[in-house]
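Colleague: Sequence:
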Amino acid sequence: MAEEHQKEVVDETVDVKDLDAWRGIWIYGEVHDGELEGVALELLHAARPLADALETELGAVLLGSGVKRHAETLIAHGADNVYVVDHPELANYRTEVYHEALYQLIVRYKPEIMLFGSTANGKDLASAIATDLETGLTADTTMLGVNKEERLLEASRPAFGGNIMATILCKKHRPQMATVRPRVMRAGEPDVTRQGKINEESVTFSSQNLLKTIIETVKESSGDSGLETADIVVAFGKGVGDQRGLEMVQALAGVLGAAVGASRDVVEMGLIGREHQVGQTGVTVMPKIYIAIGISGAVQHLVGMQNSGTIIAINTDPEAPIMKIAHYAVVADAYALLPKLTASLNEALKEVKRDVLTV
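The numbering used here applies: residue 1 is where the sequence shown begins, and numbers increase by one.
To be clear, the hints were calculated from the coordinates, so they are not data collected in a lab.
A portion of the hints provided could be inaccurate.
[To be verified] With a cut-off of at most 20 Å between alpha-carbon atoms, the simulated EDC-like pairs for lysine to aspartate or glutamate come out as follows: (1) Lys-197 x Asp-80; (2) Lys-172 x Asp-231; (3) Lys-288 x Asp-231; (4) Lys-340 x Glu-247; (5) Lys-110 x Asp-18; (6) Lys-172 x Glu-149.
Based on the sequences and whatever the hints tell you, model everything.
Modeller: Here is the structure:
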């Protein structure tokens with residue numbers, strides 16, 4: 001449930017040096033083609049404990065035309081306040097007008113932390129805001145925390161080619177900003193009994209930013225690996241990084257009705273297209289079952305699949321990083337195991353189908 005408020009614009013000067021004037025955590029509730037992006041709910045679930053630790057509000061921003069209807073969803077997923085700018089000029093995403101609207105809200109309310117989904121529009125908007133506010137922005141964050149005593153956002157992400165995790169702090173500027181990739185974090189269950197406030201905000205647009213009009217949006221056609229929506233993903237890495245390995249993985253995926261994923265190594269070897277790459281520089285997946293074959297588990301790969309329901313790793317090295325996070329770790333030669341596994345699963349699934357038909 002929500003209370004609705006309208007705010008008057010009073011003082012919109014900003015002093016980023018007065019850190020104590022900045023309070024609250026905000027997330028950008030991105031709306032695309034009229035629908036709320038799932039990453040907004042993931043951000044709320046991740047930010048709720050941070051706001052509680054800092055004893056501050058958790059806010060969400062909605063920008064667009066006809067977007068107010070999403071406010072209750074954001075409240076149910078953890079927002080205390082939803083700030084809505086509903087304006088015809090925001091019907092289609094344009095950097096200039098979205099930047100102008102969000103900038104005015106940030107200056108007006110001064111949130112100490114601002115989080116965005118690492119989508120095309122989210123990254124574009126976040127970088128524009130960070131530039132104008134002269135603050136730091138941590139891109140493609142995979143873990144979020146706070147230092148309660150110093151009120152610092154701890155934004156962690158893979159660094160140095162994915163070999164280590166770096167935690168980045170923004171000590172002297174506000175707001176502290178970060179983008180988070182979709183599906184790296186989980187959305188929580190909604191609580192429809194939560195109470196929150198819907199604040200309808202007014203902003204002004206400069207005349208020069210109203211000169212542009214979007215006439216048509218053309219979506220680029222690209223290969224679809226099916227990874228983002230697959231219930232089962234069979235992924236392979238350098239341990240089976242040849243044509244024979246690829247064919248075995250494709251055969252297993254075919255039997256299971258799974259999508260084929262890959263590590264960065266085999267993509268760079270040219271064995272499979274980049275749309276199949278799982279990890280920090282590829283696709284983030286959250287299937288019910290993730291089967292990793294011949295993948296050692298560099299940090300940049302793990303952040304792209306670690307939230308999978310069940311992880312099965314097949315590797316000759318029992319000490320490989322991926323074996324430590326797997327629910328089931330199989331130490332075996334994949335070249336010897338996969339043909340037998342595929343044949344056994346194929347027969348078992350045929351038996352299941354026969355049983356179904358005879359019932």
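Colleague: Each hint: holds or not?
Modeller: We went through each hint and held it up to the structure:
1. Lys-197 x Asp-80: Given pair Lys-197, Asp-80 holds - Cα atoms ~6 Å apart, limit 20 Å.
2. Lys-172 x Asp-231: Measuring from Cα to Cα gives roughly 44 Å; hence the hint is violated.
3. Lys-288 x Asp-231: With a Cα-Cα distance of about 5 Å, the restraint between Lys-288 and Asp-231 holds, given a limit of 20 Å.
4. Lys-340 x Glu-247: holds (14 Å)
5. Lys-110 x Asp-18: holds (10 Å)
6. Lys-172 x Glu-149: holds (15 Å)
In summary, the structure is inconsistent with hint 2 from the numbered list given earlier, while agreeing with all the others.
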